[in-house]
Structures are given as structure tokens and as C-alpha cells.
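What follows is each chain in one-letter form.
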Amino acid sequence: MLRGGIVGFGRMGFTHFSLLNSHPGVDLAAVCDSSDFVLKNAARHMGVEPFKRFDKMIETTDLDFVIVATPTAMHAEVAECAIAHDAHIFVEKPLTLNPERSQRLLDLLRGKDLVHQVGYAMRFHDLFARAKSLLDSGVLGPLVTFKVEMNGPVVLHDARRSWRSKKTAGGGCLYDFASHSVDLVSYLVGPPDEVLGTVFSHIHSEGVEDALSSTFVYEGGTRGNLLANWSDRSFRKPSCRFEALGRQGRVIADFYTLKVFFNEAPELAGYTEGWNEEYLATVAAPVRFYVRGFQFTRQLDYFIECIQSRQACEACSFEDGLCTDVIMHRIRTDADRRRLHARQDNTRRQPVLRH
Amino acid sequence: MLDRIILGDNQFFGINHMSEEKGRSLSIRFKDTEAIIKVIDIAHACGVRAFMLNTHDRVATICDHFRACPSRYADLRVYPSMPYAHKYANSVHEKGLVGALNAFVFSGRSVGEVVGTVIRGGMSVINKDMIEVMKLLVDAEMRMFRGLHVPAMFLQNIVTDLLLGFGARDVFVAFADHVRKTYGAEPAFNTMNMPALVDFLLESGIENPIVCSSINKTGFLMTPSRQAYERTLTRRSFRPMAMSILASGAISPREAVEYVCGLPHVESIVFGASSREHIAETVKMICSCWSIEAGAAQLAEVS
Chain F
1 MLRGGIVGFG RMGFTHFSLL NSHPGVDLAA VCDSSDFVLK NAARHMGVEP
51 FKRFDKMIET TDLDFVIVAT PTAMHAEVAE CAIAHDAHIF VEKPLTLNPE
101 RSQRLLDLLR GKDLVHQVGY AMRFHDLFAR AKSLLDSGVL GPLVTFKVEM
151 NGPVVLHDAR RSWRSKKTAG GGCLYDFASH SVDLVSYLVG PPDEVLGTVF
201 SHIHSEGVED ALSSTFVYEG GTRGNLLANW SDRSFRKPSC RFEALGRQGR
251 VIADFYTLKV FFNEAPELAG YTEGWNEEYL ATVAAPVRFY VRGFQFTRQL
301 DYFIECIQSR QACEACSFED GLCTDVIMHR IRTDADRRRL HARQDNTRRQ
351 PVLRH
Chain X
1 MLDRIILGDN QFFGINHMSE EKGRSLSIRF KDTEAIIKVI DIAHACGVRA
51 FMLNTHDRVA TICDHFRACP SRYADLRVYP SMPYAHKYAN SVHEKGLVGA
101 LNAFVFSGRS VGEVVGTVIR GGMSVINKDM IEVMKLLVDA EMRMFRGLHV
151 PAMFLQNIVT DLLLGFGARD VFVAFADHVR KTYGAEPAFN TMNMPALVDF
201 LLESGIENPI VCSSINKTGF LMTPSRQAYE RTLTRRSFRP MAMSILASGA
251 ISPREAVEYV CGLPHVESIV FGASSREHIA ETVKMICSCW SIEAGAAQLA
301 EVS
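Line by line, the protein sequences give chains F and X.
Going by the numbering used here, the first residue of the first sequence is number 1, and it counts up by one from there.
Going by the numbering used here, the first residue of the second sequence is number 1, and it counts up by one from there.
Source of the hints: derived by calculation from the structure; they are not laboratory data.
Each hint should be verified, as a subset may be incorrect.
[Said to hold, decoys possible] 30 Å max Cα-Cα, derived BS3-like pairs, lysine-lysine:
no., chain 1, residue 1, chain 2, residue 2
1, X, 87, F, 237
2, F, 237, X, 181
3, X, 87, F, 40
4, F, 147, F, 167
For clarity, every value in this text was computed on a predicted model and none was experimentally measured.
Given only the sequences and the hints, what does the whole structure look like? Please build it.
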């Protein structure tokens, strides 16, 4: 039986607790959060030891693994503490707010036989995983263009009280929401060689961006666009759609449907020339316990399986998390550079505008 | 008495597990509440007397309409499913957990109710036990259904399954007691993990529970497997209700109904449809497979 603890008992902390507590090979022993309300109720109704301080929890509870589901700014220090105490570690996305900090975590892990995983759950979604197999097989030919769009009704007012509206805490559309779609690009196409034309937009929030767009360029000639907006009321819930055009066909994937078009019949069983459609309802393999989506169970069961079988996590390791952190850092740098240029342009134009 | 045929409301709110585009067209089609009421009236004319309604904000308007036409809907029965998870999720995102809970517990309450709540534990849920908060939230959600005939109240599947994973036995027991004592209704549970939930509820002393889950020939959203569901249906004593019988359109209506009606002990079917043709066809097929008549005679004895 593996003993685990969860740091951060918000929405993802709840989901991870529910999924791991129902796992036959796991004993969840401790929970850490800053809220007295949460801790009191976790102890009373879920039978776990509550902690206000993560370092005390990790030092005193003898844990095999730690799940980190805090605001992103805390990920690094909790992960460092867990690694120092030789606990396997799962960190919610994104890994950290700074690629250097993420690299430091990897340095600390060197020489240690510990499983490390980042919570990019979309890598465990049946339809995006199928899109990955199609792209890797080369049947679509070299990619010409792709786009990934992520939209949702997540922030519909200026939510000043939430950490998600604070840049220093890891809030904002890019890090807290669009990181999933940035990782999807990294997973499906790979890291871009250039990041261009990034624009951050404010809709409700003052301190952070609510929407962004960016262009990715690859040496081979592939070009991709990222569009994300967490203040879009026209979506019932968060949605992500990936679309790529190759020389031999097109693939479109979202949470429910995979559509593939082949210019000519491919050498791939089950697919024909023209449009092919697959649905989550028909391709999703069952899981042992379901909460909010197959992918959440699959990613945690994979983490536990890696620990049990003493295998390194290959599906979404800290290396993958670092790669996505680097892309996000470049997106943010590109947006800052653009804003700076815009400000300088305005300053230069001002005397002219007065005439 | 539990209704044997119940119309669900996912289609009215753009929920479709097959395609986001289909979901969006449904949202457009049911933009106006009148369009929803029109479909409810069609279902009523086809002999459907029961409706499962999530506590979506727009359901309050539908309930106002039911109350405004008491004679037309005199024999109508409503099965609330609570909470509508996305309104909570978005609020938690903006206000934090305690802020969101406070907003839901205190919004829409009369001065007297707020004073009563404050006296019992302060102006915030922070001083309260989770069970007390759960009761306050149930009461807040039930306000929209006041004056309507509510035979059973469902805990929505995300909440049910989270709590099942938590192993929070006392919360399930408290929900069941609160529903029975305060509303004179039967406690009921939506889930994606039916075999595990049924065992857990029976072990918790909740006898013969009403459990609504996906039951379809392809095994879609049947965790951990269709075979486990079939075993539980045969071996456990509970009142099963079937939803997602069409697996979001992956199965033909005839095949879907024949499979579910052929299973032992399934008491009710909750189905989603939005055209006269589909509603009439589904009701006719269920009635034929179960040898029942649409309308008043379609009630199953609650044993």
C-alpha cells in the first residue's frame, strides 16, 4: 500500500483525493491546505490528518508520494521539499512559473529513483492520444499549419480575491488555463523554433490577461496558431480544439470527437479516403473509477503504476513540464516585448498626434 | 411511487457527449425558455409525466411556468438533480471555495432566514460543518421547486462520485435524512460508478436506494464495466434508473430500449430527446417493452 498526501485542497485537490482514495493500492494519509474550513472537514469526514504547513506534513507523515495542487507559485517549494524527503511527486500543471526553477527540480531529481509527473491530463484523453498516434505515424504527411483553440467561461468578472487574478501567484489565462493547450502543442507537434506576434488581451481582469493569441514557427516550415480565452461566455464549459493540416490530410480533435480527412486512402487499418469520424462515446476504454473525465483517472493510475512497477514516467514527466514552461516563458516574453514596442511607438508618435 | 419514464433536460442546456457542435446547436435551439416548454408540453402530450431537472438557473423560469399553470400541470412530477456543477465551479474559480459557498448559501434568502443562519453559526460557512453546509445548499437549490410535486431529489453525479471517492459516508446518510425529513421526498443519486455506489450506500444503511446511472449496450460511461453493472442489477437490492441509454447516439433507439428493458429490475428510464417524433417513438418503445401504458399508469410501486 502506497501512502500519499495532497497539498492544496481546491478543485483539483478534491478530484485527485477522490480518485486516489478509491484506488486499492493507495492509502491517503494527509492533506495540507490554508483553509480551516477545508482542513476541519477533511479530518472529520474523510479520516485524513490535516496540516496547515506542507513541510510539516512531508517531514512527519512518512509519505511514499505527494500530490501538489496548490496555486502555481507554490509548486516549486513543495516539490523541492517532497524530493528532499524522497517522495514520488505529481505536480498539477503548469510545473512552475519559471523554466530555471523547473530545471532546478530536475537537477534535484538527478540520481534519485523517484517518479515525477505533471498534471497535463489532456495527454491522457483518448481522442488527443489518437491524434498523437496519427501524427506520429506520419500518415498525414509533413504538417503545413495547425491551430489550437481553448475557450471557456472561467472568469466572467474581475475576480480580485482569487489567486487566479494575480500574476505572481500563477494566475492569468496563459499559465492557469491555456497551459493545457500549450502543452498539447508540445505533445502533438513539438516545441516551436520561434514564437511570434503574441498579443495579451484584458476582458474582465486588470492584473492578468484574459485572452491571448500567438504564432509558432518551425524550421521545417510548419506554422501554428494558439488562441485562448477564459472569459468566453458562449462556451458552456472549457473546451479545447486542435486542428492540423498535413500534406496528406487533416485532423481535428476535441473532447468528444476526432475527425480525420485523408486525401487518399492511407496505409492505416480502419481509415479510408475522405472524412473519418470517431467519438469518445465509442472509443473510450473504461476506467476503474470515474470522476469528471476518463483522463483524470488515467493520469493518476499511470502515476501509481509507475511507482508500483518502479518505472520512470514517460507520458508526462517533469522534463515535459519544463518543455511547456519554456514555451510559455517565450510566449510571455514575446508579449512583453510587443507591449514595450507599442509603448515606445506611442511615445514617439505623441508629438505628431498633437498636430 | 417512482415514474417509469422520465424526460431529462441535458439537451435543453447544450449538453451532448457526442459533439460540441451538436451541443452548440442545441443551445441555439433552446435559447428561449419557451422552446424548452414547448418540448415539455410535447412530452406531456405523449404521456410523459415526469421530468428530471438540473438546478440550472433557467430551470427556475421553467418551474415558474409550471406554477403559473397549475391545472395544465396538475399531474406533473419533478425530479430535481443538484447542484448544476458548472455554476459552482465557476464561482469557486472567482471567489474561492468558502466565498462561493457563502454566496450560494446566503443569496436569495429572506432576512429572517439569514438571521436564523447567522445565529446558528455566524455569517460565513467557515464556522460550519460540511453536513450543515450541504443542508443549506440543498435548501438553496430547492427554492426554485417550491410548490411542485417532487417524489425524489437527486444528488448530481460529479458531487456523488467525488463524495463516493472521499468515502464520506456520513454526508450521504445526512443527505438522505434531510431529503426525507424536510421535503418528504426520496433521496436519490446520479453516478458514473453505479456498482461501487450501490455497495457503498447499502453498507451505509441507506436501504433500497434510488440510483440513476448510464446503462447502455456499448458500456459508455459505465464504470468499471457493463458486466459489473449487470452483476449489480442482478445481485443487489436497489431501485435502478437508466440514463444515457442511447450512449449519446451510438446505439439505435430500438436496440437501446430493448437492451435496457431486458435487464432485471430496472425501474425507470431517463431519456433525452427534443423532437416530437423521437419523444413519441421512445415512449412507445418503452411502453411496449415493459407492457405499460403512457400517462398516469406508468408509475412503479416504490417497494
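Hints and how they fare:
no.: 1; hint: X/87 x F/237; verdict: holds (10 Å)
no.: 2; hint: F/237 x X/181; verdict: violated (35 Å)
no.: 3; hint: X/87 x F/40; verdict: holds (25 Å)
no.: 4; hint: F/147 x F/167; verdict: holds (26 Å)
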